[in-house]
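Trainee: Chain by chain, the residues run as shown.
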Amino acid sequence: MNHPQKVVEVKGLWKIYERPRKAAGLRGALQAFVRRQIDKVEALKGISFEVYEGEILGYIGPNGAGKTTTLKILAGVVHPTSGEVRVLGFVPWYRERAFLKQISFVMGSRGFLEEIGWDLSVLDSLNFIKELYGLSDLEYRQALKELTELLQLQALLNVPLRQLSHGQRARAELAAALLWRPKLLLLDEPTLGLDIITQKALRDFIKRYIHQHRAACIVTSHYMRDIEDLADRIILISQGELITAGSLTDIVERLSDRRLIRVEFEREPALDELAILGHVVENSGLQVTLEIPHARVKQVAQTLLERWLVRDLTIEEPSLEEILQRHFAQHA
Amino acid sequence: MHDMRAYKSAFFLQMQSTLCYRANILFYLTAVLIPPLAIFFLWRTVLGEVDALGAYDLGTMITYYVVVQFFIAHTPFSAWVEIGESIRDGSLTLWLVRPANHYGLYLGRLLGSWVPFWLLGLGGTAGVAALLHRYFQFQTDPVLIGAAVLMWLGGVILGFTWGYMLNLVAFWTERATGMVVLAEQAASFLAGGVIPLDLLPLQELWLFLPFRFAGWLPTQIYLGRVSRSELPLEFLKLLIWLMAFCVLVQWLWRRGLRRFAGVGV
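For the protein sequence lines, the chains are Z and F, in the order given.
Residue numbering for the first sequence follows this note's numbering, beginning at 595 and increasing consecutively.
Residue numbering for the second sequence follows this note's numbering, beginning at 5 and increasing consecutively.
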């Protein structure tokens, strides 16, 4: 049996930034102008993890957790303060050509096509990328055909970038990021600002690409739907530290000992009686949602069915988003 | 080989981008025409009183200014402030993850954006020369014309490298715009854009500095004041300066990248 190859290996990664401090207002600006004060910010505190080929890793955490810093280190843009990193067998910050030709770093906040030129057509920019990555005509034609079909870009190829909508640009950027068929995709908020249809289209495409090309992917996103849909495995970080790692089910199990019971009654129940059973999180007359400890699910469900006329009852795990909100609120 | 393909592609891509703005290019023409004409009236007044200033009579002086203005106005001493800005706003990140040399890509892009202006400027300068044909000294020796253009092209690369180097200071200071603009003004003066360098005091110093390759020296070659036998030595000096700048750029780049945090994207 073939074991999947390790694509990313990170051991004890630390990054300490220097950040100038400036108080608000003109006074603060003058003070900073005369005497600059520098703060040391620990963005990453000894993170370790691995990513294998064919795997999509969801890398999540609140703002400022160190997600983008990690991706920038893996892409060779930022030098770490200490720690060991190997990406596809390379030390990323040496920025060897052979390494850079195998990775792709996509930032939802800023695209490369935009950087190449607003006034140029998508095809002009893709042609430039072809030369940049030294693709042969055949390689380029094949990749372009596949990407334009899958991302439905045919009609947009000759349109200047600035005339595309945000969603169209995002699709074009994704094509531009995959033209050289990278073995590692680093996606930083890839669906930022996109409508739900485009988000789903991009997610489906990314999944297909990773599995078809046996590539690996690390994705950060604040849209938990991205993570739930894409990630085979999740790493949760906060304030530069790894909190937990595992599959989506593992994370939900580990971080939440609560379940939601949604009940639809035949007649409106007395809320104070329900409140004895658990925490009422939603109430719209006949429909009530109770949050209760996992261990009491069976007992509470039984009580509900015995004491009230129940039309429908479902037991749900809280969503990843709810779990994370609660977790980060507790640890803030 | 692959890098050359990338640089060439960057060159043509940027040229296409520049050509998108037709009005901008035409407005530029006025900026090319006005300074030589203004300087003509100035020097006609000054040299109306005396026969010559140093080795420059009115015809030589007018020719010097028309030619040197063309060279200096078309030399990118500040490179692109965009390079420094990309360090400050983090968008350099988007270039760092590409398998090509950043300096080479930007040189290609910059040349691509300038070539349309060079051609337009050349046309404008030829028009000014024709207008001032009573004073302007037309060079007829193709070797000297070729050597002047070649020397200036070397000066352009040197000027770009100088500007690129200054932009890299943004790795330490976050914003290098002030220094870059100041250095551009200084470079223009030191290239002989205001006063011919051989009319300045301490001329040994000014003639030692590299800025002369972008203005004063190619103009002297055009005027026939540098003999053919002196040309190889001058080209060698240009090459030495270029190599020294490239080593310095490499050093600053490596050290700067260690500080780069990519904040902003």
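Keep in mind that a hint or two might mislead.
[Claimed, not checked] Per label pair, the in silico range of CB-to-CB distance:
hint, chain 1, residue 1, chain 2, residue 2, range
1, F, T181, Z, P887, 34 to 44 Å
2, F, V54, Z, R630, 45 to 55 Å
3, F, R262, Z, G640, 19 to 29 Å
4, F, I149, Z, T675, 52 to 62 Å
5, Z, E690, F, E89, 21 to 31 Å
6, Z, D851, F, T181, 17 to 27 Å
7, F, M247, Z, T675, 42 to 52 Å
[Said to hold, decoys possible] Using 27 Å as the maximum straight-line C-alpha spacing, the simulated DSS-like pairs for lysine-lysine come out as follows:
hint, chain 1, residue 1, chain 2, residue 2
8, F, K12, Z, K739
9, Z, K616, Z, K639
10, Z, K777, Z, K801
11, Z, K600, Z, K777
12, Z, K794, Z, K739
13, Z, K695, F, K12
[Stated by the list, open to error] Quick look at which bits of chain Z chain F covers, simulated, 3 or more residues with Cβ under 8 Å:
hint, segment
14, 618 to 625
15, 710 to 719
16, 726 to 738
17, 876 to 883
Hints in this document: simulated from the structure, not taken from any laboratory.
Owing to the predicted nature of the structure, the values given are computational and were not obtained by experimental measurement.
Don't be surprised by glycine CBs; every beta carbon is placed ideally from N, CA and C.
Trainee: Work down the list of hints and note, for each, if the structure agrees.
Mentor: Now for the hints, and whether the structure bears them out:
1. F/T181 - Z/P887: 34 to 44 Å: violated (60 Å)
2. F/V54 - Z/R630: 45 to 55 Å: holds (54 Å)
3. F/R262 - Z/G640: 19 to 29 Å: holds (21 Å)
4. F/I149 - Z/T675: 52 to 62 Å: Given a distance of about 56 Å, which is inside 52 to 62 Å, the answer is holds.
5. Z/E690 - F/E89: 21 to 31 Å: Since Z/E690 and F/E89 have Cβ atoms about 27 Å apart, the given range 21 to 31 Å holds.
6. Z/D851 - F/T181: 17 to 27 Å: Since Z/D851 and F/T181 have Cβ atoms about 56 Å apart, the given range 17 to 27 Å is violated.
7. F/M247 - Z/T675: 42 to 52 Å: The hinted range 42 to 52 Å is violated for F/M247 and Z/T675, with Cβ atoms some 34 Å apart.
8. F/K12 - Z/K739: Roughly 24 Å separates the two Cα atoms, so the pair holds.
9. Z/K616 - Z/K639: holds (25 Å)
10. Z/K777 - Z/K801: holds (13 Å)
11. Z/K600 - Z/K777: Holds, at about 11 Å.
12. Z/K794 - Z/K739: holds (21 Å)
13. Z/K695 - F/K12: At roughly 19 Å apart (the allowed maximum being 27 Å), F/K12 and Z/K695 satisfy the hint.
14. 618 to 625: violated (count 0)
15. 710 to 719: holds (count 6)
16. 726 to 738: holds (count 3)
17. 876 to 883: violated (count 0)
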